[in-house]
Amino acid sequence: MSVQTTDTDILILGSGGAGLLAALHAYKSNPELEITIAVKGLMGKCGCTRMVQGGYNVALSSSDSVERHFMDTIAGGKWLPNQKLAWKLCETAVERVRELENEIGCFFDREPDGTLHHKAFAGQTADRTVHKGDLTGIEIINRLMEQVLARPIRKLEEHRALALIPSADGVGISGVLLVDMRSGAMKLVRAKAVLLATGAGPTMYKYYTPSGEKSMDGLSMALRAGLPLRDMEMVQFHPTGLLAGKDTRMTGTVLEEGLRGAGGELHNGAGERFMFKYDDRGERATRDIVSRGIYAEMRAGNTTPNGGVHISMSHLGPDNVREKFKGMVKRCADCGFDLAAGKVEVVPTAHYLMGGVVCNTDTETSLKGLFVAGEDAGGIHGANRLGGNGVANSTVFGGVAGEAMAGYAATAELLEPNSVVLEREIERALMPFNLEGENVNVHALREELMDIMWEHVGVMRDRIGLTRGLERVENLKSRLLAGNIGVENRVFNLTWHDWLNLYNLIEISLVITRAALARENSRGAHFREDFPEPGSLDESYFTQVELQETGLEVEQIPVEFNIIKPGESLIEDYTETAPKVQRRPDTVGA
Amino acid sequence: MLSIRLYFLQRLSALIMAPLVILHLGVMIYAIQGGLSSEEILGRTQGSLFWAVVYGLFVASVSVHGAIGLRSIAYEWGRIRGFSLSLLSWGFCLLTFFLGGRAVYAVVFA
Amino acid sequence: MRAKPHRNHPLWYAYVVHRISGLSLAAFIPLHLYVLGLALERRGELDQLLVWTEIPVVKAAEFGLVFLLAVHLFGGLRLMALEMFQWRDNQKTFAAAAASAAFLLASLFLLRSF
Amino acid sequence: MGDRSNSIRVKVSRGDDRGRHFDEFDVPALESQTVLDVVTWIQRNADPSLSYRFACRVGMCGSCAMTVNGKPRWTCRTHVSKVLQGDTLTIEPLRNLPVVKDLATDMSEFFDKWTSAESRFVPTKTREDAIEIVQPATKERIEADAAIECINCGVCYASCDAVELNPDYLGPAALNRAWTLQNDVRDGGKNSRLRAVTGEGGCQNCHSQQGCVQHCPNTLNPTRSIAGLKRLATRAVFKREL
Ligand SMILES: Cc1cc2nc3c(=O)[nH]c(=O)nc-3n(C[C@H](O)[C@H](O)[C@H](O)COP(=O)(O)OP(=O)(O)OC[C@H]3O[C@@H](n4cnc5c(N)ncnc54)[C@H](O)[C@@H]3O)c2cc1C
Ligand code: HEM
Ligand code: SF4
Ligand code: F3S
Ligand code: FES
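Line order of the protein sequences matches chains D, F, W and R.
Numbered as in the numbering used here, the first sequence ends at 1421 without a single skipped number.
Numbered as in the numbering used here, the second sequence ends at 111 without a single skipped number.
Numbered as in the numbering used here, the third sequence ends at 129 without a single skipped number.
Numbered as in the numbering used here, the fourth sequence ends at 245 without a single skipped number.
What the hints contain is simulated information worked out from the structure, not anything from laboratory work.
Possibly wrong hints are sitting among the right ones.
Away from chain R, derived, C-beta distances all over 10 Å, residues of chain D [as the list claims (entries may be wrong)]:
#1 1141
#2 1312
#3 1324
Calculated lysine to aspartate or glutamate pairs in the EDC-like style (CA-CA distance at most 20 Å, straight line) [said to hold, decoys possible]:
#4 R/142 / W/104
#5 R/128 / D/934
#6 D/1161 / R/34
Every residue, glycine too, gets a C-beta built ideally from N, C-alpha and C.
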């Protein structure tokens, strides 16, 4: 198999917040270096950073501090975060937001007096979420994209990364195997430093919020390259995803959290308002609790026609709702739903993966020359991510990675690729054309995976279900490999990419399931019905999964409390559960 | 195809023409009653500095304005580019200016 | 005539009307000036031409020309107002008003000419 | 659409700029169904070789724009019932851009023009500085905000005759973005940007057709922004700065 080979100094995979900031920082650190961004879609127009609605957490308001942001992040993460990473996140976010405003041009919303507006976000003890209306992500990513387009940075759009190729001697990374999706040609881009910033994305669930092209590619590539993944059982569900049947891509997309904050009610199939059965705060309880409440109703069969529950806003006055939630009402209306006056079916939806590749505070991984940032990186959020910490994470560590890579690439050499791995990966990528057997229906298998993960590895878990899930996913994998896709032309062949997506999703689903089986307690996003207690905080551990000769190996590694220990606090009077902040209902975001 | 200066000139000439055209149309509506004759037209205009200025300004503006307008249309609808495009607009401009100048001379001074 | 769907909205028609009227005026005005210029040498010929203006078909054509001039004038003023002043959201109303005013003016011209 | 029949006739444009034709499909009609879902259904169930582009699926990324029954639209947020004519749907790639394959266009020139309009922020401060005080009620901020939420979907670009007929014309989206920057009190690139947007393909090439306003899915108003640029340009010509 022939591959076209090109060389570059720094290769960045993905153009979300992490990828674009990395490019800008690398360029600023050393404009002499050749920087290449390869991305699965169009530059800046794919991935989840664009989809950020709520906003960006940063300790800039007078009532806030980096210490407080840090405490909230640790408490929210149920003591599992890597504290050094969490600290770096909170500390650097301050500089990063100033950079985004002052240098990149993001124009965040202001208070009437002209200072930045900070809104309240669930689970936080200060108002710290900076935003641009409820389309913060569009503002951030468009401004970043403009800056990147204006610089001599090489773009490989609609180039999908297929595999990380280690060097022949195994000491570091030599480059990345990519496919040019428009022509179907295989390309090897050799690079001194490579950034993995493909944004994970738990799209193997029946309902999911992330951008449709994301499919855990980065984590799957990292796994195959032998890198350890941590906290993989931690999948965050958002309680109110739109439910409109399995045949529409709208299903799973987020209805913003503010709807519940403003007094939106959740009703089950019988029209009963059920959330008070599960929590005193009713619909205003935290994401995980509301998700579990809804899930419990669904499992009990108290469902609406499509199998979810209803969110109802009309009692607040349709005109009032229309005015307050203009964007949401319009979005629903475009798709045929009346949010203001009617009821809309909702369901918990997979939103964010806390787990990811193990890295240090300079974004270095265990493979020399490979860096990781954004949702692909693990350890920053522990068991739960605070709303607003996602985009902070990708932009903060993207920038850090850019500088680190520029430093590294200045002295590093290009390495010879391991040709065995290269051949194997090319062969793997071409399997959907070459496998013998009946045509496989990739989509039917994807739906089956989504059902399995939702049923067995979803909002609530137990040993029996997880074990069953594991078997079923493994079985699914063998069926995926039992035939080809029946399309030969490789040019812009979405079905081929659906196959590759599914392959990666299956691999990571297995990892998630294994990690979930290994954690026999309930923390944050991970809830085990057979082990509902959180376990001793002092003996907190995180899970780490690695692919070895023998298959997936799961380890439990004690969390290092190198900044604070459970029971301690960096600030006075800190209560772990957020006090009931008096917040204006319209300022609670997604 | 259209430089910002040409754009500016087109708007400027339009602004100059607007009141002139309104005036002209007004007079025409008033004068047309019972048909037009050269006597009538010339009676009004002959030797009048006012009409000389009105028509003079109009002629100057319309030759510029029309030339720029044709330039856009020729470029976009006629796919005419480069030298031919300039030739066309200059041609229109000079021709109109010449014919207009002659007409003003005829109706005012001759 | 129906435009392609993406063009089928009032302001696109306003644009085409402005363009066609401008184009027609650009064709007619030099001719018009030429005729007036005849007054210089051959007064008689001008009168002969002016006699033409009594024929109904020619009157209708004149109506057309006045309409073109008026519609281009008002449309042009609309465009320049749009470009120069604070934005107003009722653009379609303005375009309709410009067209109606032009039609009125031209009709007045036609009525007076009988 | 009370009595919609239970299937839709869909004509889909296939091929690229070297040759295009229509393929026809019968797609089951569903209650919740966007145009993107129709395209997806075809790729999943009828013809796995169909190419198209999407990402966010909720109107944020602007990847999914296509021509639907002749009009440019974001397909992920266009409910079929809104565009159905009889029981047919004709789906083509976005106009005014080269076609990569089937329904996917090459948007490079759209973004190249964005860049050549200098539609990017030029800093006057650094990350070391405090964040600029900008009162939300000021005229400039209101003006900038009005045009800022563009998702660069290219729908306006596809609807504009000036774009179609004038290869240099920067187009509504790039100019709309430039206008937000001319109103951004923090920006330091205004002079140079004004030159960029009044160059060969500049704002003066817009004939205020307003197809862009008509079709922008985010209800933005590029005509208004372009008019603002023309105003700035006119002033600059007056002052002999241009
Ligand atoms: C609907 C929604 C709302 C959210 N709201 C908030 C919020 O309010 N606040 C907050 O803090 N966080 C929020 N998040 C989370 C946040 O958006 C993400 O955590 C963050 O943006 C991730 O950034 P990233 O750069 O790591 O990944 P992304 O922005 O997802 O970018 C990943 C990039 O990698 C590319 N890619 C993927 N696979 C490949 C491959 N194989 N080859 C090449 N390129 C590839 C993708 O196309 C994309 O360009 C939200 C997420 C969603 C989905
Ligand atoms: C009476 C006052 C007039 C006004 C206010 C006026 C106004 C305008 C304006 C604003 C435009 C620019 C349109 C655009 O760029 O989209 C224009 C274009 C044009 N005008 Fe006029 N105009 C007037 C008279 C005339 C006359 C007398 C002629 C005849 C030569 C003329 C011919 C044109 C042409 C050919 C165009 C180009 C049309 C296009 O590009 O679509 N105009 N006019
Ligand atoms: S202005 Fe509107 S139509 Fe044009 S690219 Fe932006 S969002 Fe799309
Ligand atoms: S459609 Fe085109 S002509 Fe101008 S008003 Fe919009 S850019
Ligand atoms: S898929 Fe993102 S706008 Fe339609």
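Here is what the structure says about each hint:
no. : hint          : in the structure
1   : 1141          : holds, 15 Å
2   : 1312          : holds, 18 Å
3   : 1324          : violated, 7 Å
4   : R/142 / W/104 : holds, 18 Å
5   : R/128 / D/934 : holds, 7 Å
6   : D/1161 / R/34 : holds, 18 Å
When each numbered hint is compared with the structure, a violation occurs for hint 3 only.
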